[in-house]
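Novice: Sequence:
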Amino acid sequence: MSVGDSTFTSTAPFLVTDGFGPPTPLPSASLPVTGTITIPPLATSTPTAASTPASTGSPIPGSGTTAYFAEGYTGQASFNGPAGFDESLNILNPGGDPAAVTLTYFVQGAASPTIIARTVAPGAVLRESVNADVGPDRMVAVQISSPGRVFVSRTITRIAPSGARLDGSTTQPVSAPSTSWGFPEGYTGFTFQQYLTLLNPGQATASVLITLAPQADTSAGAHVLRLTVPPQSRVTANITALNRGSSAKSVGMLITSDLPIVAERVIYFGDGSGSAKFGSTVSSGIGAPATTLRLAGLISGGSASQPIGDQAYITLLNPASAGLAVQVTAAFADASGHALGGPVTVSVAPGTRRTIAVNQALGPAPVGPVSATLTATGPIEAEGAQYFGGSPNTGTHPGITLPARATTTVDAFLPDLSTALQDGTPITRTVYLYNPGAATVEVSASYFGAGGTPVHASYAVPAGGITTVAVNADAGALAHGPLGAEFLLQSGNGPFLVSSVGRTADGLVAVENNGDSTH
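Heads up: the sequence shown begins at 1 in my numbering, then just goes up one per residue.
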């Protein structure tokens, strides 16, 4: 392989894969390449054509809903080999009227989308099986649309051929395609395998540039991939293969396109091979950098010379192509709002990323949940990577990835707080309510199940602190099926942030759901 300043050229087969099994080699060639992969015809009913989605940004409160996921897979171990995948959508309708919802599935290799209509009862959550909708062994993206205001998340769980449960992931959608996406987190070393999935929901081919932002003093020599995404389709790029030969294994991604697209990053880690690696996280791209960002719910297991136990990291991406390095300062606080340790400041050059090891910043004693406030001299993007029980490099330690937030809210929706996986495995579900303001606020919660009367609760959140919510107990009888919630500012002068983590009792699966106030 040879690397230039702006073009990546392959002298060996470049790997573009489905993200879930052995990579498929393409003929040796200089890129650009297309990522289209031919798969057998759909076994479902004949699909109908979909209209071109509008790219108008986030809908206003009370307006209709459009949401997108680029990633998705329904592969079964008998076909895929490494693992069996179960994909579902949780759709929350908090309103007082039924919500008509249209699911437009873009199956990789299919000639046209598959469209399915559903109705979500008022004040209820619908758990929709993607496997049932498109059939097994499909690489699939989806657009969810409704004339009403609904909220959606996607969960993917995996089972090894032996029947052992592997780590899962829950992801929030984006509300519109964009010509620019950023991913601060990313790693292509040790036991990590990373992919990028791209959805083009439009009617014309999109030309896409993927730049790997190295953890380095400069972006010189950064690996770059140019590819095309056909209309009404999705493709997958093997980022680990793209970064082969680079000395920088810690890499963010900067995605630019001549037409609006949707992007998601897939990372597998820990024991195993390919998509059968134990751990997994799937994250949507970040669309807008900011100079002040916040994270809440991080947990540190402590640190001597190396992190131990639960491990948290914050990755910072400077999306600028030129100019001065951005200085970023991270300040940490405990659940009571008291400062932890001293501020940590790092320099992030244009087109590069940096990592803050939270365990090392907070010292040898375990602590959590923790909030982090990031202030920067220029616009940045950031994510928090949380691993439970030990290092993600080896073993069976699940993880989640949380986007750092530039804005707070007074009304947040979590469409998936389910206290069981799709196969019925129980989950202990925790919600973190973070108040960055200077005075205590009161937040009310309304829990919605598959139907019936919502369950209500109220929580006080201290100034600068975090209130931990035990969802399994507070949701009452609704906790036995699909479950979502609305968290609404009841009193006080400041908005808040909300996120959640679900853990299985055996410690093998961790899934997340972040508060969504945009869809």
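These aren't lab readings, by the way, just hints derived from the structure by calculation.
Computed from a predicted model, the values in this text were never measured in an experiment.
Every residue gets a Cβ at the ideal spot worked out from N, C-alpha and C, and that includes glycine.
Treat the hints with care, since some could be wrong.
Restraint ranges, calculated between C-beta atoms of paired labels, are given here [stated by the list, open to error]:
id, residue 1, residue 2, range
1, P426, S305, 34 to 42 Å
2, A121, A160, 16 to 24 Å
3, A365, T345, 40 to 48 Å
4, A470, R226, 31 to 39 Å
5, L209, G323, 46 to 54 Å
6, G451, S491, 44 to 52 Å
7, S491, P426, 33 to 41 Å
8, A111, S444, 30 to 38 Å
9, S273, T428, 42 to 50 Å
10, A160, F190, 19 to 27 Å
11, T428, G451, 46 to 54 Å
12, T329, F190, 25 to 33 Å
13, S321, F79, 40 to 48 Å
14, A100, T377, 42 to 50 Å
Novice: Hints first: check each against the structure and report whether it holds.
Specialist: Hints versus structure:
| no. | hint | verdict |
| --- | --- | --- |
| 1 | P426 with S305: 34 to 42 Å | 37 Å, holds |
| 2 | A121 with A160: 16 to 24 Å | 36 Å, violated |
| 3 | A365 with T345: 40 to 48 Å | 23 Å, violated |
| 4 | A470 with R226: 31 to 39 Å | 49 Å, violated |
| 5 | L209 with G323: 46 to 54 Å | 19 Å, violated |
| 6 | G451 with S491: 44 to 52 Å | 30 Å, violated |
| 7 | S491 with P426: 33 to 41 Å | 34 Å, holds |
| 8 | A111 with S444: 30 to 38 Å | 48 Å, violated |
| 9 | S273 with T428: 42 to 50 Å | 30 Å, violated |
| 10 | A160 with F190: 19 to 27 Å | 20 Å, holds |
| 11 | T428 with G451: 46 to 54 Å | 24 Å, violated |
| 12 | T329 with F190: 25 to 33 Å | 29 Å, holds |
| 13 | S321 with F79: 40 to 48 Å | 42 Å, holds |
| 14 | A100 with T377: 42 to 50 Å | 47 Å, holds |
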